[in-house]
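Novice: Heads up: the protein sequence lines correspond to chains D and A, in order. The first sequence begins at 893 in our numbering and counts up by one. The second sequence begins at 34 in our numbering and counts up by one.
Quick caveat, the hints were computed from the structure, so don't treat them as lab data. Positions of the beta carbon are idealized from the N, C-alpha and C atoms, including for glycine. Do not take every clue at face value.
[Stated by the list, open to error] Lysine to aspartate or glutamate pairs mimicking EDC-like chemistry, simulated, CA-CA at most 16 Å apart:
#, chain 1, residue 1, chain 2, residue 2
1, A, Lys75, D, Asp1339
2, D, Lys1054, D, Glu976
3, A, Lys75, D, Glu976
4, D, Lys1183, A, Glu45
5, D, Lys1001, D, Asp1036
6, D, Lys1126, A, Glu45
[Claimed, not checked] Distance ranges between label pairs, derived from CB positions:
#, chain 1, residue 1, chain 2, residue 2, range
7, A, Ser53, D, His1364, 34 to 42 Å
8, A, Ser53, D, Phe1357, 24 to 32 Å
9, D, His1364, A, Val39, 51 to 59 Å
10, A, Val39, D, Lys1367, 24 to 32 Å
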Amino acid sequence: MAKIVVLGAGISGHTAAAFIKKKLGKKHEVVVVSPGAYYQWIPSNIWVGVGKMKIDQVRFKLQPVYDRWKIDFRQAKATAVYPEGDQSMTRPYIAIEYTNETRRGETDKVDYDYLVNATGPKLNFEATEGLGPNKFTHSVCSCDHAVATWEALQICFTRMEKGEKLRFLIGTGHPTATCQGAAFEYALNVAYEIKSRGLLHMADITWISNEYELGDFGMGGAFIKRGGYVTPTKVFSESIFAEYGIRWIKRAGVTKVEEGMAHYETLDGQMHSEPFDFAMLIPAFAGVGLKAFDKTGEDITPKLFAPSGFMKVDADYSGKAFEDWLVEDWPSVYQNPAYANIFATGIAFAPPHQISKPMKSTNGTLITPAPPRTGMPSGVTGKIVALNIVNQIKTGKTGFKHEASMGKMGAACVVSAGFSLFRGNAATMTVFPIVPDWQRFPEWGRDINYTVGEAGLAGHWIKLFLHYMFIHKAKGYPFWWLLPE
Amino acid sequence: MGKNIVRGYYDESYPPIPTSGTRFWRRNLLWQAWRFIVLNIKIMRIVVGGHS
């Protein structure tokens, strides 16, 4: 009997655990370790943040699902990996600390044959002074944050109704933050909600971003067919912002936030300040801070993890120059190079480098989005790692039957821009592949037939359809395994 | 403040803005139902073709 431990129960970890258990059945043991009691469908947090969905529409308790699937769920946070065991335990194990009410603070050891690290990111608000929900800005990165953000937004609506003109600042809150798509979506939804209340004349909405150009989204932008031309996503994104009455600040790294004021540096080395009454800024992401020790107790964290805290996998970390980047730099099986039975999926794996060109200000500050791995890549990497582990256990062979490189997989990003079944709007964007492959597609870096940018009601329907489909899948309702990642 | 509202000389002036015709088709139920099918097929082909 094999024992597989999955760290994290987000899109990637939950997918991995579900497929491992389904394929291996009762003969093998699957343990999920996650500090939260809930599964969250994070893409819909945007709608919680504008009051269009309640928190329990985007989350559900994990325990009943795992009970049904016969998965051992430990509500705990992992603190350290012992891939060789130690003096007290010869098998590899994970040190955990329980976070549920009954066992809070208790520590434990969970041994494993295979480990899947799908912890997701630490929301690194501390990397920017004054950033975050308990300080001066709001967030939609978790459903709890989104609820608090909606409460703050309602207060803004009331103030505007009373005749006060307010300034909204939405975007990235760190020079290397990623997840521009979520912030972009939130900016459009806020603009839509303000407009639907007839308050647009009372609002000054500003987008602030570390992108070199709008529409970069941390993946170097894309080219799409539009109106008889092939145009960059810069034009597409700027067009939507202009339509929604949002002005923008680009090439900007927010370095500090004070009450009502964001300070930022731009690529030309200039320091600026932008006042606000309401700000939703995405933080930088980092690894969750797992440590690793060998059997003698020596700290081997750098052997397993990159300096960012994300786990090293089968990627090229040699630090190539931008001009030498290849899609082959990106991992395809997400296996740790030091320990063959450890894998990292979703946001938890360390990317080899950015996708966007690294840009430094004249002061030497790196102002470039980190590469996005949220959503579709998280689910796909979780699934292929699960299938490879299952295959290894069933066949006893060490090879890999399944591969999924971000240089070979596509992604769809549906950016909601107004919640209404008949009057809603969304920008549907697809890219294939995620990481541009200039060898395979020398003209545009991607397959222009599958790289799409389109606004319309259909996008809103797709976003809504995806919400219900993935909640259905995550709850393990009938035929869940047939639904694609 | 002058009477002339000049559309230009700031970033937001230069991107293409949808015409009333474009906005109509964005909300036309028949056309959007067709786009829903087309976009879903594109997304499905991306998903299925992206990993082995």
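Novice: When the structure is checked against the list of hints, which entries are broken? Sort them ascending.
Specialist: Violated: hints 2, 3, 4, 5 and 10.
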